[in-house]
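A.B. asks: Assemble chains B, C, D, E, F, G and H onto chain A, guided by the hints.
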Amino acid sequence: MNDLLAFLFAAVALIGAVSTYFQRDRFNKLIAVGITFGGIVPFIVDRGYLDVAIITSLIIPITTIIILLICRREIHDA
Amino acid sequence: MLGEILHILAAAIISWILFVTVDILFRLPEAGGVSGASAVARDIEAGGGALAGGIMMGNIVCSPDASAGTLLAACGVYVAGIPGGLAAAVLVFIGNRICHDPGYAGTTGAVLATFVVYGFTQVGFAATDFIAGMVIAILTIQGLSHAHASRLLARLWRVRQ
Amino acid sequence: MDVAYPAGLLVVAIGIVIGFAALVREKDDLHRILLTDLAEVLALVLIALVATDLAEALILPGLVVGISELMAVSEVYIAREGLRAPKEPAFRIEVMESAPGILALILVAYGIFLSGFTGGVVAAAGAVFYFICRGHAEQFELIETVSGYAWAIWIGAFFIFMFLPQYWFFAVMMAGGAILLKVMAKMSLVGTMRGGPDV
Amino acid sequence: MTPEFILGCIILIVGVIAVGFPRPKTYLSRLISLEIPGFGLLLIMLAYDEMLALVTFIGVTAISTFVLVRAIERKEAAQ
Amino acid sequence: MKANQSIITRISATISRVENLTGLYALLVVAVTVIGLVTLPFITYHDDQLYPKTLDPDSTLDPYDRGGVPFGTTLVKAQYPENSPFVGYVTAYLTPLSQWLADTTHHMGTTIVAHPGGIIDEILYNTRGLDTVVETSILFVAFAIASYLFRRDA
Amino acid sequence: MIALYVVAAIAVFAAIRATVERNTGRKLPYVNVMNFAVAGALVLLLDHPLSLVAAAAYFVGSTLEANAIASTYAGGGRRE
Amino acid sequence: MFNLPTTNIGGQELFVLEFGDIVNYFSPYTAVLFVFALLFTALAIVSRPERQVDIAFGGDAYYAKEVDPNLLRFQRFMAIACGLATLGAMVSGDVFNFTLFASMVGITNIGIVAAYRNRHVLNAAFQYGIVAMLATVPLFGGAAIVLASTGTLSMWELFTDGVAVPLIAKAFLVLGVMGEGMAPFYVAKAEITRAQGAPFILMVHVSSLLLFLRVIEIVISM
Amino acid sequence: MIEYLLFATFVGLLFHGIHRKVIARAQGRPGPPIWQEILHVLKFSFKETWIPKTASQTLFVAVVFVAIGIWGAALYLLLSGGSLLLLFGIYLIHKIVEHGMGLSSGSPYGKFGAIRSVISAASELPLLATVVAIYFFTHSLSIADIAAYQQVHGPLLVIAFPAAAAMYLVILSKMHYGPFSIIEAKEIVSGNMTEHFGVWRAGLEVGYALKTYVLLYAFVLLFIGQLPLALTLLLMLLILVSLSFVCAVTPMLSPYDTVTIQTLVTGALVVYIIVLGVVMG
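Residue numbers (our numbering), protein chains in the order written: chain A, 5 to 82; chain B, 3 to 163; chain C, 46 to 244; chain D, 2 to 80; chain E, 23 to 176; chain F, 573 to 652; chain G, 24 to 245; chain H, 257 to 537.
Hints listed in this document are in silico derivations from the structure and should not be mistaken for laboratory results. Heads up, some of the hints might be wrong.
Claimed, not checked - Here are a few chain C residues that face chain D, going by a calculated C-beta distance under 8 Å:
(1) 78
(2) 122
(3) 154
Said to hold, decoys possible - Here are the simulated DSSO-like cross-link-like pairs (lysine-lysine), alpha carbons at most 30 Å apart as the crow flies:
(4) G:88 to H:351
(5) E:75 to G:193
(6) H:309 to G:88
(7) H:430 to H:351
(8) G:193 to E:99
As the list claims (entries may be wrong) - Over 12 Å on every C-beta distance to chain A, these chain C residues come out as not near it, computed from the model:
(9) 97
(10) 129
(11) 141
(12) 171
(13) 198
Just so it is clear, CB atoms sit at the ideal spot from N, CA and C, and this is done for glycine as well.
Bound-form chain A, shown alone (with noise of 0.2 Å):
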């Protein structure tokens, strides 16, 4: 991975990880999360730890959806 690529993915999860504080609504909060992870993945991928990759990419979405679990959408966030 080069400077330039190393920057576009860097950029992804830093924008991930800024919106994630300045998002309100809690939906929003938990997409930039997802956002976040996105840029990570490349990352972990370059260095060439493939199962990791694997693994994490399918516990984070475990851990969204136990998070999910107390965002009932009420009627006055809507």
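C.D. replies: Same frame as chain A, now just chains B, C, D, E, F, G and H:
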């Protein structure tokens, strides 16, 4: 350099036609497979789009459909030729089951795309062109203008009906 | 390495200052639990910065210690507040019907293959996910008994390593299997603790 | 100083701020923000090739999230 | 709190409330860390570490390839190698299954090494086994507390 | 390797679009584009059969995530 | 080969117990602490808890609380675990191993009091638990800084003159033990003391004080 | 050794008597005779003894023996020139005795005493600071080494005065009727000693007498140096009388105020140590 860009654009058009056809044949714009797809459709309609197109976009979001099949098949062909593409079809099938999708659009799309991509690699295209092309194709549907894309899809859906 | 270590320390120090300053201002107890979870992360970064195999061998126990303390403290919190599981019907989305079976199967199988701490945690994550989504038949005693035996087996393995080192191969297998069982069994209990005692 | 390390440090700091001073200040937003420093740690471990620790950490994060969800769920039901 | 109280009484009033305990401790940690920030430039990384890492991206065991002959002597830089006569045996050993994986695939190093054997198991079970004893005991105790409370209240 | 740059650029573009968009339902398609791009990038970064599995795992995982978020956003399955 | 480098603090070593890289030892100082821990653990094993007498306000009545056998068994188990952890921490010859024992002491202390149903006691146990968890940051952090800056965790090496341990690592270690054992922050402990079960509650204090004594020895020797 | 132990017990009890007498005189009361405490112990030894029914019986008895045992050991330690850190340790374990005594009885007063004992645990901190400060000068914690150091460099009382002040505070907080003796304040009857009577009380008094002797002796040994026995006793008496005056003229503090003051003193000492560290490099 320039040739590669042209190849990518051509691949984008081919995969666009491929996955839209398969999706429409498998009646994706008809009904939301899961409640999430309907919610996405509702929001797209509220943003000035057409409902049928929105439903199809929602379905693409919520489950691996023909577009995902095409992408993964191209990846499969890139790494391992025809067997890779078929393996990708199996993975898409598993993905469909995980995502509570009863349909076979993704699997069919993957199998079809395997042969299409493999065929084009014989005439000078690279499989990577199809990977990038598919990403561009999905960008045109999901990533540029939801209103226009959904209206286009709805029009195509009316043709099918 | 010369620059990275002080830089990393600096980052962690800033992190500690920010995180603990937030804790000073925090009055709500549940928020405090959440912040302690953040603190665990900072502790792990400090260990990770050492960057040797030893550091990694220290992170694994540190992680498990963190989760077990979190578990105990949150349970104390629930007991103190006298909180009950919510009465309203359980929350369902479609993927909770389809995903757990396949994902849990993958994760548990992979975890068993990995063995040791890592395998235990991966398998437990799968099991927890399955229990959350599917409900479960309560097998509390059985799971606890299994993990108790696993603990005893691991202690046995430890003594083999220390006093009969020539049987190291046997001990590796015992230890790997026992820790897998132990961590997985304990952690999956977490998943079964969602509903009432006999859901 | 690999790119992973630098990115990890930045994300860690962003995450610590996000968890320390969440907006809006609810249990849920804090819980979601907790993922961010986790990603920072993940990247730092990646930078030092501590892959077993990384996998274990990801697994533990899932479980600890559930532990926290369990407490938050009951707390919100009680209110 | 009355205004005319002495500073000592006010401090006493603060520390006498259990709820302030966490804040006090956090404050202490922050204070020590801030002082620590001053000494930070003097902390240097010691280059001669135990169990150092060597990375070989071409190895199928990457990032955990530490070399060595199975059932033979392997160089492991432990603190007291003389206390663990079989040090290095676990590091070099691969089960038949993981040996097969290592022969056939690349990029699965983590999986292969996590399977019994490998350097981390060497450290966790053999040279620093006592850490693992304590750690599993902590797990045991913590879950005993949690399940006791859970079952009593449920 | 122009394809890789194209894919990475699209990922950044989609991430920005997803962040700027305010409506949750309309955010998800953008995220979907990013998932496509990242999954493609994984394979392009490392040419190995396992990369395909990694890409599929990432793609399925993130689709599952999007599905779950959308379904919860819609209010869960039971109420319909 | 194992000679304690600093004899003017804890005395000569008496007995060395080797567990691979972790070399535990008894010096007169740690041996005395060990004996104390053993003594109080034995007391926790053999003695039954007291029956607290409560005065009912507004009248002249008083009543003695009964001992709940389940609670008794659980508390005794926790007290024994706490005793074992203290024993381990007293003789440990490795910094990280010591911190692990310290965090085990912290969590067993929570366990001893958490079983009690009184809301105030539970509240104290909770606050104590939060601090014990926070304390893992300086504890493990201190050990990690020691490892990074000296390249070893063994006290046998660290106690020699040639090895300079950063001040911040020492401060972190002390801070961590203070948090785990609550040594000077006795506010939470005072509340904890209200719980029934004197032999077990006593274990909370024994462990934290001994832990504190041990960390002082370590930090001064380093 | 045994005879020295008996002698120390005797002197310690006598000191307790003198302490009461001085306080009484300072407050304008006649006060009891100075051998009153010795008589107390003798009287308690021959009174009827039993264990309260509500008590945790083993613990109730064990703490008495532990109290005598640890201070006997401390005396031995001082005489043999062992580690100062061990003395500090024994001092901390005395805390456990206080807790155990109050908690084991089941009496609400005993429990209050124990709780206050827990609260006032900050009183150990100044001693710790003292230990560290001494280590800074002598680079050894062996009591024999410290005595030898003073032979060469003169008494530490002059060199490390703040440390001596902290140690003085420590002894003060263990004195009866002092500003810090919240454990046995009269509003909770006799605090943690409420339920211990008869032989048990006599045993405790013996332990406490040894404690007073050891602490005073340690102060002289650590800060003034190894002196002939008679001179040492004289100095101990002087310190005791000064302590008694302090006790006589200060009111008892509220429980948490004692913690605050002791913590502040420790904080001041920590600053002193840091400054020392910087100055001495």
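A.B. asks: Taking the hints in turn, state whether each one holds.
C.D. replies: Consistency of the hints with the structure:
With a cut of 8 Å, the hint placing residue 78 (chain C) at the interface with chain D holds, because the nearest CB-to-CB distance is about 7 Å. Because the closest C-beta pair between residue 122 (chain C) and chain D is about 6 Å apart, less than 8 Å, the hint holds. Residue-level restraint check for residue 154 (chain C) is violated (minimum Cβ-Cβ distance to chain D is 14 Å; threshold 8 Å). Our distance criterion of 30 Å between C-alpha atoms is met by residue 88 (chain G) and residue 351 (chain H), whose separation comes to about 26 Å.
Between residue 75 (chain E) and residue 193 (chain G) the alpha-carbon distance is near 27 Å, which keeps this suggested pair within the 30 Å criterion. Annotation: proposed proximity of residue 309 (chain H) to residue 88 (chain G) holds, straight-line Cα distance about 12 Å (limit 30 Å). With a C-alpha separation of about 11 Å, the suggested pair residue 430 (chain H) and residue 351 (chain H) falls inside the 30 Å cut-off, and the hint holds. A C-alpha spacing of about 26 Å is found between residue 193 (chain G) and residue 99 (chain E), which places the hinted pair at or below 30 Å, so the restraint holds.
With a closest Cβ-Cβ approach of about 18 Å to chain A, residue 97 (chain C) is found to remain outside the 12 Å limit, as its non-interface label requires. Annotated as non-interface, residue 129 (chain C) keeps its C-beta farther than 12 Å from every C-beta of chain A; the closest such distance is 15 Å. At the 12 Å boundary, the C-beta of residue 141 (chain C) falls inside the reach of chain A, the nearest C-beta of that chain being 7 Å off. For residue 171 (chain C), the requirement that its beta carbon stay farther than 12 Å from each beta carbon of chain A is not met, with the minimum near 8 Å.
Interface exclusion of residue 198 (chain C) from chain A stands, the closest Cβ pair being 26 Å apart, more than 12 Å.
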